[in-house]
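Q: Sequence:
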Amino acid sequence: MILCDAVTTIGYVKNKTKSPNNPALSYLLRLRSKKSQKTMRSCLTTVSSMFGCNEPLHFDWSSLTRDMIQVVLQRLLNEHKAPNTINLILCAIKGVAEEARASRLMDADNYHDVKNIKRIRGARISRGRMLECTEIKHLFTFLDIQTTGAAIRDAALISLMFGCGLRRSEVADLDIDHIDFENNKIDIHGKGNKERINYMPPETAKRMSLWVDTVRGDHSGPLFTRIRKNDDVTSDRLTTNGIGFIIKQLVTKLSLKLFTPHDLRRSYASLLLENGEDILTVKEALGHASVVTTQQYDKRSIKRLEAAALNFSFGKKT
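Under our numbering, the first residue of the sequence shown carries the number 942, and numbering increases by one thereafter.
Treat the hints as calculated values from the structure; they're not laboratory data. This structure is a prediction, so every number in the text was calculated from the model and none was measured. Check before you lean on any hint, since a few could be wrong.
[Stated by the list, open to error] PhoX-like cross-link-like pairs, simulated, lysine-lysine; straight-line CA separation at most 20 Å: (1) Lys1022 with Lys1078; (2) Lys1035 with Lys1059; (3) Lys1132 with Lys975; (4) Lys1224 with Lys1126; (5) Lys1194 with Lys1170; (6) Lys1035 with Lys1056; (7) Lys976 with Lys1035; (8) Lys1147 with Lys1132; (9) Lys1189 with Lys1170; (10) Lys1035 with Lys979; (11) Lys976 with Lys1078; (12) Lys1132 with Lys1194; (13) Lys1056 with Lys1135; (14) Lys1132 with Lys979.
[As the list claims (entries may be wrong)] Pairwise CB distance ranges, derived in the manner of DEER restraints: (15) Asp1118 with Thr1006: 16 to 26 Å; (16) Arg1007 with Lys1147: 18 to 28 Å; (17) Asn1134 with Asp1177: 16 to 26 Å; (18) Arg1169 with Gln1236: 39 to 49 Å; (19) Asp1085 with Asp1177: 33 to 43 Å; (20) Val1233 with Thr1006: 11 to 21 Å; (21) Asp1008 with Asp1177: 44 to 54 Å; (22) Asn1134 with Asn1216: 27 to 37 Å; (23) Phe1081 with Gln978: 15 to 25 Å; (24) Arg1045 with Arg1007: 43 to 53 Å; (25) Arg1007 with Gly1185: 34 to 44 Å; (26) Thr1006 with Leu1195: 27 to 37 Å.
Each residue gets a CB set at the ideal place from its N, CA and C atoms; glycine is no exception.
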């Protein structure tokens, strides 16, 4: 196929209009979250690199046609990329096309053709897992007997993620002023600049109070901070990477089956549903925009399938 060959060899064309407007930059700037900007920039890089340009801000997005984009999508399918990944890339392309049209860098017919490209159908088994109760017990049995500031912090942090279903970015962004210790209430600023309220279970509230009362102190600032190797508590905010590193260290130290910070959130959702909570309540607790997203966090079906396989019989033994 000529177009398929062309997609790997064609060179990018710099903006011939000499316009100061950059549709890719305009699109990225309209995304308010740094994480979203990073994600969508990566999507744009995937596309522009297919045309020999590794810097998406230097690529002439207005030159893309419907056929060229279809080739990009087909190549991603051939590389066995997940439908959600491909559709995210398509969303980025359409976003830039919208900015190109707004700046009069793309004609109306071309923009209309790009805008009407259909999403890729299909699904993949969602990644991640639900932690077993024995794993959670093992984790906190270890942490709760430690007396170092780092261990007390880690117990509070993990208890908050597991007991309230917070994203690690949400945990990293928490200030102490976001916690109402009297009512065990948390004010969470989540994705899409959405604010929500959640409540801490008694065990989580206990570990949080221990962290604040005996280690951190009740001064204003980040709720969770970095702690140096000599157990010196700093005022520097703990980052999302730092949270990931803490989880990895505990997995290795306790010889646990690998899990990620987000698996604590998945476990929270699955346990709420297992306890009979309404899925709309779980959706609100997680800060999801759609129930469909919440359903993807439910890992109970995997356990039921495993149990069904164990109980399956090929007939009575004679």
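Q: Now tell me if each hint is right for this structure.
A: Against the structure, the hints come out as follows:
no.: 1; hint: Lys1022 with Lys1078; result: violated, 37 Å
no.: 2; hint: Lys1035 with Lys1059; result: holds, 11 Å
no.: 3; hint: Lys1132 with Lys975; result: holds, 11 Å
no.: 4; hint: Lys1224 with Lys1126; result: holds, 18 Å
no.: 5; hint: Lys1194 with Lys1170; result: holds, 16 Å
no.: 6; hint: Lys1035 with Lys1056; result: holds, 6 Å
no.: 7; hint: Lys976 with Lys1035; result: holds, 19 Å
no.: 8; hint: Lys1147 with Lys1132; result: violated, 27 Å
no.: 9; hint: Lys1189 with Lys1170; result: holds, 17 Å
no.: 10; hint: Lys1035 with Lys979; result: holds, 17 Å
no.: 11; hint: Lys976 with Lys1078; result: violated, 33 Å
no.: 12; hint: Lys1132 with Lys1194; result: violated, 32 Å
no.: 13; hint: Lys1056 with Lys1135; result: violated, 28 Å
no.: 14; hint: Lys1132 with Lys979; result: holds, 14 Å
no.: 15; hint: Asp1118 with Thr1006: 16 to 26 Å; result: violated, 52 Å
no.: 16; hint: Arg1007 with Lys1147: 18 to 28 Å; result: violated, 59 Å
no.: 17; hint: Asn1134 with Asp1177: 16 to 26 Å; result: holds, 24 Å
no.: 18; hint: Arg1169 with Gln1236: 39 to 49 Å; result: holds, 42 Å
no.: 19; hint: Asp1085 with Asp1177: 33 to 43 Å; result: violated, 25 Å
no.: 20; hint: Val1233 with Thr1006: 11 to 21 Å; result: violated, 32 Å
no.: 21; hint: Asp1008 with Asp1177: 44 to 54 Å; result: holds, 51 Å
no.: 22; hint: Asn1134 with Asn1216: 27 to 37 Å; result: holds, 30 Å
no.: 23; hint: Phe1081 with Gln978: 15 to 25 Å; result: violated, 36 Å
no.: 24; hint: Arg1045 with Arg1007: 43 to 53 Å; result: violated, 19 Å
no.: 25; hint: Arg1007 with Gly1185: 34 to 44 Å; result: holds, 40 Å
no.: 26; hint: Thr1006 with Leu1195: 27 to 37 Å; result: violated, 54 Å
The structure fails hints 1, 8, 11, 12, 13, 15, 16, 19, 20, 23, 24 and 26 (numbered hints given earlier, in ascending order).
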